[in-house]
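Asker: So you can see what is in the structure, the chains are spelled out below.
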Amino acid sequence: MAEERSPVLELRGITKRYSGSLANDRVDFDLRRGEVHALLGENGAGKSTLMNILYGLTKPDEGEILIDGKPVSFSSAKDAIGAGVGMVHQHFMLIPVMTVAENVVLGTEPVRSGIVLDERAAARRVADMARTFNFAVDPDARVDNITVGQQQRVEIMKALYRNVDVLVLDEPTAVLTPQEAADLFEILRTLRREGISIVFISHKLNEVLEIADRITVLRRGKKIDTVSKEGATEEGLARMMVGRDVLLRVDKTLASPGEVALEVKDLHVLDDRELEKVRGVSFSARGGEIVAIAGVDGNGQTELVEAITGLRPIESGTVAVGGREFEGRLGPRMMIDAGMGHIPEDRHRRGLVLDFNLAENLALHDYDKPPDSRFGWLYPARLVQRAVRLIKEFDIRGGGPLTLARALSGGNQQKVVVAREVARNPVVLVAAQPTRGLDVGAIEYVHRRLVAERDAGHAILLVSLELDEVLSLADRILVMYEGRIVGEHGGDAGEEEIGLEMLGGRKPVAA
Amino acid sequence: MSSQAEPTANVPPEQEPTPDFVVRLGAAQRAGGLVVPVLTAVLAFLAGGIVVAATGHNPWTAYKGIWDGAGFNWLFHIPWDTNTVHLDAFNLSQTLLTMTTLILVGLAVAFPFRCGLFNIGGQGQYLVGLFVANWIGVSFAGWPTLPHVLLGIGAAALAGAVWAGIAGFLKATTGAHEVISTIMLNWIAIWGGQYLFGQGGPLQNTYNPAAPESGTVVQSARIPVFWGNPVLQGLDYGFFVALVALVVFWLILNRTTLGYEVRAVGFNPEAAAYGGINVKTKYIQAMAISGVFAGLAGALDMLGYLFQFGVLDVQASQIGFLGIAVALLGRNTAIGTGIAAFLFGGLLYGTTRGLNPNVFDPSLAGNLTSMIQGLIVLFVGADIFILYIWNARRKLKLRRRAEMAAT
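Chains H and X, in that order, give the protein sequences.
For what it's worth, numbering that gives the first Met the number 0 labels the leading residue of the first sequence as 0, then goes sequentially.
For what it's worth, numbering that gives the first Met the number 0 labels the leading residue of the second sequence as 0, then goes sequentially.
Rather than coming from a laboratory, the hints here were simulated on the basis of the structure.
Among the hints, erroneous ones may be present.
[What the hints assert, rightly or not] List of simulated lysine to any residue pairs, SDA-like, C-alpha gap at most 20 angstroms:
(1) H/368 - X/278
(2) H/368 - X/253
(3) H/228 - H/31
(4) X/279 - H/312
(5) X/63 - X/373
(6) X/279 - H/328
(7) X/279 - H/367
[Said to hold, decoys possible] Computed, partial: chain X to chain H, Cβ under 8 angstroms:
(8) 254
(9) 256
(10) 259
(11) 263
(12) 266
(13) 272
(14) 273
[Unchecked claim] Computed far set for chain X versus chain H, every beta-carbon distance over 12 angstroms:
(15) 71
(16) 142
(17) 178
(18) 207
(19) 230
(20) 233
Nothing here was measured: the structure is a model prediction, and the numbers come from that model.
C-beta: ideal position from N, C-alpha, C; glycine also.
Can you make the complete structure from the sequences, with help from the hints?
Answerer: Set out below in structure tokens:
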């Protein structure tokens with residue numbers, strides 16, 4: 000029985016009701032010593048509630064928590080840490096102007112002669128820890144000067160510094176680049192070797208399969224099953240999560256490209272700090288094909304998209320939409336009128352006016368044209384008519400034409416953006432990270448819509464940081480690295496090949 | 000899956016653009032609905048009452064005195080006697096006269112607010128309108144009344160638009176913050192007035208070179224009075240201009256493409272730009288329209304009952320600043336601004352000239368009245384604080400809901 004390790008943490012029959020509805024319905028969960036146990040579920044499945052109960056932020060209505068076999072009751076996060084449970088939230092709780100070491104020891108600072116903060120001791124202990132676990136973080140660096148991935152490691156170090164042996168990570172990869180995520184997984188493996196038990200909350204199937212030993216799937220507050228990694232498949236997990244089959248591989252026919260709809264020639268673009276982020280990019284997209292731009296975040300994709308859509312001035316080069324060539328100072332209005340649709344990468348910052356209702360949001364490009372308005376006079380009823388139609392056609396849930404965009408869930412907000420852009424029948428649709436932050440159901444929806452647009456003969460330019468997304472949607476793949484297109488592939492290209500180019504493993508193709 | 004899940008629960012890097020003060024206050028104000036402004040006013044009156052009581056006076060008598068001073072008791076005389084020989088009716092006509100100005104300077108703050116701009120320059124725009132109206136009103140003697148009045152009003156509105164438009168233009172071209180530039184424009188207007196009306200100034204009167212005062216608006220440029228005695232400062236037709244301005248304000252915002260654009264920019268300039276709206280142009284237009292309202296206020300005051308203005312008046316004039324309080328208390332909406340202007344109009348008149356000197360010790364009255372006014376303004380400022388508490392409670396509720404629904 001030596002192999003039968005007793006659970007370090009066990010949740011039994013946890014039930015939590017909120018005004019009549021069940022957030023957690025008799026959920027059992029156990030964590031073995033030194034394992035990574037993933038908690039998988041869609042947005043709203045009850046993952047966070049369960050972990051907030053474990054962490055002492057919420058009290059369960061029924062059920063019990065056992066640590067090392069003994070029942071415990073936490074009334075605050077402090078209790079949880081005292082019992083050896085640490086949590087890393089999605090939003091970091093760090094003090095930007097303090098150093099890494101200061102942040103790590105905050106609240107339990109080593110002191111000299113009772114009162115003086117022993118900074119050297121703090122730095123030394125943090126440096127020791129960073130070395131042990133391969134954290135690659137400078138203890139003396141200020142937190143606002145380090146990357147998001149490093150900040151996350153500081154959060155993990157904070158927990159470890161307090162001698163926790165259970166670490167809960169809430170959607171840890173959501174804020175990371177693929178490379179940073181890979182680094183994080185390396186760290187998690189080290190931690191596992193050192194005997195730390197990890198709860199890994201996620202809604203991304205591929206990373207769960209990569210890092211977890213066991214996977215518990217939640218759906219609508221209920222535990223569906225706990226499976227071990229061996230034998231689990233993405234399709235099987237997706238079915239458990241959503242309760243039906245999900246097309247992970249997008250069903251699409253071969254592209255039949257038509258006329259050139261978008262042509263970009265030798266484009267140079269500067270970022271806000273006047274650094275050249277796009278360095279001579281040329282490509283074209285034809286009607287009826289999906290051209291994807293793959294690349295690690297920060298290689299000029301954002302600037303490229305902003306330049307093409309007229310949101311950012313271009314230094315030199317031309318952009319042609321539907322045969323009309325633009326150069327010099329473009330504007331969003333110019334590009335919209337030329338037939339460009341744009342699903343921006345950040346729907347809150349740009350894609351939606353959150354305090355506008357859906358009718359107003361859906362009219363964002365057309366409010367100044369008949370029938371919405373005539374001679375500057377607006378007809379709100381016509382905005383509502385359009386909204387009623389689009390809400391039905393695009394299956395937008397959670398509100399009507401007069402609901403504020405703010406009140407919708409992320410997936411439905413994105414549907415509003417997609418509906419607005421697609422309904423205008425754009426010659427070119429630029430989709431920048433169109434599925435970021437969405438759950439499986441919504442991702443599937445957006446993907447199907449993009450393919451449908453392609454099949455309707457429009458050109459789609461997809462910019463995505465998710466290689467999976469690029470591979471499953473694209474008819475042609477361009478790889479962007481340090482502001483240049485470094486590779487071009489067919490839709491059936493291999494993951495390794497593209498991954499290598501994304502990381503700069505190849506020289507630019509001749510422009 | 001529950002669609003009520005907190006929408007951003009799993010969408011970390013997506014944040015709204017860091018909103019500046021105006022946007023934050025605007026959002027907070029919308030969240031407060033009707034409850035907060037009413038609560039604000041009630042609290043201000045309560046605190047004012049405590050101050051009155053602390054001086055050994057009866058707060059009830061004091062408020063009754065202000066109520067009567069504002070002429071509100073007239074509203075409860077049935078049958079209504081419209082003869083302003085009676086004090087109640089006269090007081091009410093004066094309250095409405097003050098309200099006329101307050102509506103317009105309130106709208107001058109409210110309109111750019113909806114575009115995300117904080118116009119502190121209502122006073123300067125009001126003064127510029129006043130100057131131009133005086134100039135037109137003193138010149139062109141012999142014109143028929145209607146064209147003369149319309150010319151005066153139109154020119155003053157235009158001047159206000161240009162004056163405010165400068166701040167909008169600076170914001171659009173150089174990014175200069177409108178709060179700073181409108182404050183500076185206020186001072187330019189004040190010193191400009193000193194010069195214009197001062198000794199040897201181009202608008203100084205022609206009959207008494209020793210007096211630093213403007214000329215008097217000729218009869219043909221005076222807006223006719225419809226209630227009360229014109230000699231005793233009756234209520235003129237400008238009152239209806241202000242009421243129409245409220246309607247126009249609402250129509251522009253809610254029934255024109257310009258209003259749509261202004262609101263989009265006010266809520267989220269980046270999304271507006273993405274939608275194809277020229278944000279910079281909207282800044283200039285919103286400020287210019289704001290200046291039209293403030294300039295109108297100056298014109299109606301000059302052609303309605305002031306007729307003359309002096310260097311000392313320029314220095315003492317404060318009414319444009321009250322527009323900020325009116326707009327904030329009125330939630331930057333048409334109806335709210337109208338109600339707040341009525342309230343402030345009553346307070347302003349009811350605590351000053353309308354107040355029965357027997358209510359307070361005459362020497363105390365002056366101080367007490369400005370104290371009560373000050374408290375009101377203070378509490379409108381405290382609005383933000385009340386909203387903070389109000390929202391904290393709501394957020395708590397929302398968080399509970401989100402916890403329930405979210406993962």
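Asker: Now tell me if each hint is right for this structure.
Answerer: Outcome of the hint check:
no., hint, verdict
1, H/368 - X/278, "18 angstroms, holds"
2, H/368 - X/253, "16 angstroms, holds"
3, H/228 - H/31, "14 angstroms, holds"
4, X/279 - H/312, "15 angstroms, holds"
5, X/63 - X/373, "19 angstroms, holds"
6, X/279 - H/328, "15 angstroms, holds"
7, X/279 - H/367, "17 angstroms, holds"
8, 254, "5 angstroms, holds"
9, 256, "5 angstroms, holds"
10, 259, "5 angstroms, holds"
11, 263, "5 angstroms, holds"
12, 266, "4 angstroms, holds"
13, 272, "6 angstroms, holds"
14, 273, "5 angstroms, holds"
15, 71, "36 angstroms, holds"
16, 142, "33 angstroms, holds"
17, 178, "22 angstroms, holds"
18, 207, "49 angstroms, holds"
19, 230, "44 angstroms, holds"
20, 233, "37 angstroms, holds"
When held up to the earlier numbered hints, the structure conflicts with none and fits them all.
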